[in-house]
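These are the residues of each chain, in order.
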Amino acid sequence: MQIIEKLKKHQFLFEELVKRDFKKKYKRTVLGMAWSVLSPLLTLLVMSLVFTQFFGRNMAHYTTYLFCGNLVFSYFNEATSQGMTSLTGNSGIFSKVNVPKYLFLFSKNVQTLINFGLTLIVFFIFCIFDHITFTWRFILLLYPIALLVLFNVGVGLILSAWFVFFKDIQYLWSVFTQLLMYMSAIFYTIDGYSQTVQNIFLLNPVYLFIRYFRKIVIEATIPTPDFHLLMLADVAIVLGLGCWMYKKYNHRFLYYV
Amino acid sequence: MAILELKDVSICYMTGDFKDIGLKEYVMRRIKGNYRVKEFWADRDISFALEKGDMLGIIGTNGAGKSTLLKAISGIMEPTKGWVHREGTIAALLELGSGFDGDLTVKENAYLRGAMLGYTREFMNETYEQIIEFSELREFEDRPFKQLSSGMKSRLAFAIASLVNPDILILDEVLSVGDGAFKKKSEAKMKEIISGGATTILVSHSLSQIREMCSKILWLDKGRQIEFGSDVQGICDRYQDFLEKKK
Numbered sequence: 001m002q003i004i005e006k007l008k009k010h011q012f013l014f015e016e017l018v019k020r021d022f023k024k025k026y027k028r029t030v031l032g033m034a035w036s037v038l039s040p041l042l043t044l045l046v047m048s049l050v051f052t053q054f055f056g057r058n059m060a061h062y063t064t065y066l067f068c069g070n071l072v073f074s075y076f077n078e079a080t081s082q083g084m085t086s087l088t089g090n091s092g093i094f095s096k097v098n099v100p101k102y103l104f105l106f107s108k109n110v111q112t113l114i115n116f117g118l119t120l121i122v123f124f125i126f127c128i129f130d131h132i133t134f135t136w137r138f139i140l141l142l143y144p145i146a147l148l149v150l151f152n153v154g155v156g157l158i159l160s161a162w163f164v165f166f167k168d169i170q171y172l173w174s175v176f177t178q179l180l181m182y183m184s185a186i187f188y189t190i191d192g193y194s195q196t197v198q199n200i201f202l203l204n205p206v207y208l209f210i211r212y213f214r215k216i217v218i219e220a221t222i223p224t225p226d227f228h229l230l231m232l233a234d235v236a237i238v239l240g241l242g243c244w245m246y247k248k249y250n251h252r253f254l255y256y257v
Numbered sequence: 001m002a003i004l005e006l007k008d009v010s011i012c013y014m015t016g017d018f019k020d021i022g023l024k025e026y027v028m029r030r031i032k033g034n035y036r037v038k039e040f041w042a043d044r045d046i047s048f049a050l051e052k053g054d055m056l057g058i059i060g061t062n063g064a065g066k067s068t069l070l071k072a073i074s075g076i077m078e079p080t081k082g083w084v085h086r087e088g089t090i091a092a093l094l095e096l097g098s099g100f101d102g103d104l105t106v107k108e109n110a111y112l113r114g115a116m117l118g119y120t121r122e123f124m125n126e127t128y129e130q131i132i133e134f135s136e137l138r139e140f141e142d143r144p145f146k147q148l149s150s151g152m153k154s155r156l157a158f159a160i161a162s163l164v165n166p167d168i169l170i171l172d173e174v175l176s177v178g179d180g181a182f183k184k185k186s187e188a189k190m191k192e193i194i195s196g197g198a199t200t201i202l203v204s205h206s207l208s209q210i211r212e213m214c215s216k217i218l219w220l221d222k223g224r225q226i227e228f229g230s231d232v233q234g235i236c237d238r239y240q241d242f243l244e245k246k247k
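One line per chain: the protein sequences are A and B, in this order. For the first sequence, our numbering begins at 1 and goes up steadily by one. For the second sequence, our numbering begins at 1 and goes up steadily by one.
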């Protein structure tokens, strides 16, 4: 409740921050906006050219399968790595004015969410071309999307706080996301692995989001309630940890900038 | 009833080489046991109280802890020890030039700054014309901010900041900005705000300004409170002696 009140009080500032991030990102050009949609599409194109031969031969809708992975992962990657610098990048502001520091992260997240939304539209258009049948179950995609937004905010909170203290987190994080990318089964299936190994994949929250998308879009089935709960638990842990870090270090950030 | 009261406020900075070491180095040092953080007390046991309408001048050499104290008063920093009690709204105008974004236009920056200072959008819509008029930046309205000279930047910053109407006003060397003509204009504007009845805290290196305007003085040296009182001329005289002896 307190947060909502605070947000209301700082609504104007928040709107202006979102506008600023948006303008800086797209540099006021139409191409800038188009590029952020084109870039994941190009990645998709390259990946499908390279991997269809290896992994997609016996699989229907392999490109959609790839797209699901790319969609989720690139949003996660963008939101977290840009969120990481949101606090440090605005140190000139919060060291002079008393404003809630998470506003900077939220505004970055709004901007990446818009980007994700654009890519999502392209994704659905692509599904039409790939002859995917749209069912009522697509509505359920709101669940992983909402959770993914919160998850990204949570990771962003943790990373941006850490980044204030340790600047090399940036490099470590890019290595980590690279590894995570390979472990999220974006371009391969895990069906060939033993049950134990398949269960290990469930420990990766990003994989859960991707899996949810694929279940709904390609397999047209709804994941189990346990699956829903597992996702919820991951998000709650990460978000809780992030909030706790901000609460704890709120006044110590200043010493480091 | 005091509008602002500080009781034994102490602020401790951490110094040492922790700032730029990365996570890897930090872990290594923690393991080896040679991770050290030094404490630096920017302010120690500062206590004073201001009544409504008071004009406090804070004097002291560089590194006396003035800016840090202002941050504690405005709530940007938490005191390590002691407490700050404030009544009413507070506006801190610290180092006006910073916090702008070079890629945004003058207009966008004006709104962003207004938002930071806690204005509403309606208020900005109403006063934007006034801001541009006052800062004499009409023809630069839609230019990217980085194309402006530093004088223009501080003019805009001042024009926005001078619209504040707080109960407590904190000024860090921002009494007047710009060149001759604008300097006069901004000084007049500032005096208008101060005479509006806000309790004002002023940090300035110009002793004559402080002598002329302030009703109370706080003298800090190396984080310690040397003197506080309403004997403005007396404290200023002693401070001047102190400065001369140092030379």
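No lab work stands behind these hints, which were simulated from the structure alone. Some hints here could point you the wrong way.
[Claimed, not checked] Taking lysine to any residue and the SDA-like style, the derived pairs with C-alpha atoms no more than 25 angstroms apart in a straight line are:
| # | chain 1 | residue 1 | chain 2 | residue 2 |
| --- | --- | --- | --- | --- |
| 1 | B | 222 | B | 122 |
| 2 | B | 191 | B | 167 |
| 3 | A | 25 | B | 197 |
| 4 | A | 6 | B | 99 |
| 5 | B | 24 | A | 24 |
| 6 | A | 8 | B | 237 |
| 7 | A | 25 | B | 104 |
| 8 | B | 189 | B | 165 |
| 9 | B | 185 | B | 204 |
| 10 | B | 38 | A | 88 |
| 11 | A | 23 | B | 122 |
| 12 | A | 19 | B | 12 |
| 13 | B | 7 | B | 219 |
| 14 | A | 19 | B | 52 |
| 15 | A | 215 | A | 8 |
| 16 | A | 215 | A | 169 |
| 17 | A | 96 | B | 164 |
| 18 | A | 9 | B | 40 |
| 19 | B | 7 | A | 53 |
| 20 | B | 52 | B | 38 |
| 21 | A | 247 | B | 27 |
| 22 | A | 24 | B | 152 |
| 23 | B | 189 | B | 164 |
| 24 | A | 247 | B | 104 |
| 25 | A | 23 | B | 119 |
| 26 | A | 9 | A | 253 |
| 27 | A | 6 | B | 141 |
| 28 | A | 248 | B | 152 |
| 29 | A | 24 | B | 147 |
| 30 | B | 81 | A | 9 |
| 31 | A | 96 | B | 78 |
| 32 | A | 96 | B | 194 |
| 33 | A | 23 | A | 140 |
| 34 | A | 8 | B | 191 |
| 35 | A | 248 | B | 107 |
| 36 | B | 222 | A | 236 |
As the structure is a computational prediction, the values presented were derived from the model and not from experiment.
Please work out if residue 25 of chain A and residue 197 of chain B have their alpha carbons no farther apart than 25 angstroms.
43 angstroms, violated
Pairwise hint evaluation, residue 219 of chain B against residue 7 of chain B, where the allowed Cα distance is 25 angstroms at most
16 angstroms, holds
Hinted pair residue 215 of chain A and residue 8 of chain A, Cα distance within 25 angstroms: With a Cα-Cα distance of about 38 angstroms, the restraint between residue 215 of chain A and residue 8 of chain A is violated, given a limit of 25 angstroms.
Please work out if residue 8 of chain A and residue 191 of chain B have their alpha carbons no farther apart than 25 angstroms. 33 angstroms, violated
Need the status of pair residue 247 of chain A, residue 27 of chain B: alpha-carbon distance at most 25 angstroms? Given that 25 angstroms is the threshold and the Cα spacing comes to 23 angstroms, the pair holds.
Just to be careful, I want the Cα atoms of residue 38 of chain B and residue 88 of chain A compared with a cutoff of 25 angstroms; is the pair within it? 23 angstroms, holds
query: Is the straight-line distance between the alpha-carbon of residue 19 of chain A and that of residue 52 of chain B 25 angstroms or less?
result: The given pair, whose Cα atoms are some 39 angstroms apart, is violated under the 25 angstroms limit.
Q. When you check the alpha-carbon spacing of residue 247 of chain A and residue 104 of chain B, does it fall within 25 angstroms?
A. 31 angstroms, violated
- Query: Does the alpha-carbon distance linking residue 96 of chain A and residue 78 of chain B stay inside the 25 angstroms limit?
  - Reply: It holds: about 14 angstroms lies between the C-alpha atoms, which stays within 25 angstroms.
Distance restraint between residue 248 of chain A and residue 152 of chain B, which requires alpha-carbon spacing of 25 angstroms or less: Given pair residue 248 of chain A, residue 152 of chain B is violated - Cα atoms ~39 angstroms apart, limit 25 angstroms.
### Message
residue 222 of chain B and residue 236 of chain A were given as a pair; does the straight-line alpha-carbon distance stay at or below 25 angstroms?
### Response
46 angstroms, violated
Straight-line alpha-carbon gap residue 96 of chain A to residue 194 of chain B, limit 25 angstroms
The hint holds at about 21 angstroms.
Comparing the model with each numbered hint stated earlier shows that hints 1, 3, 5, 6, 12, 14, 15, 16, 18, 19, 20, 24, 27, 28, 30, 33, 34, 35 and 36 do not hold.
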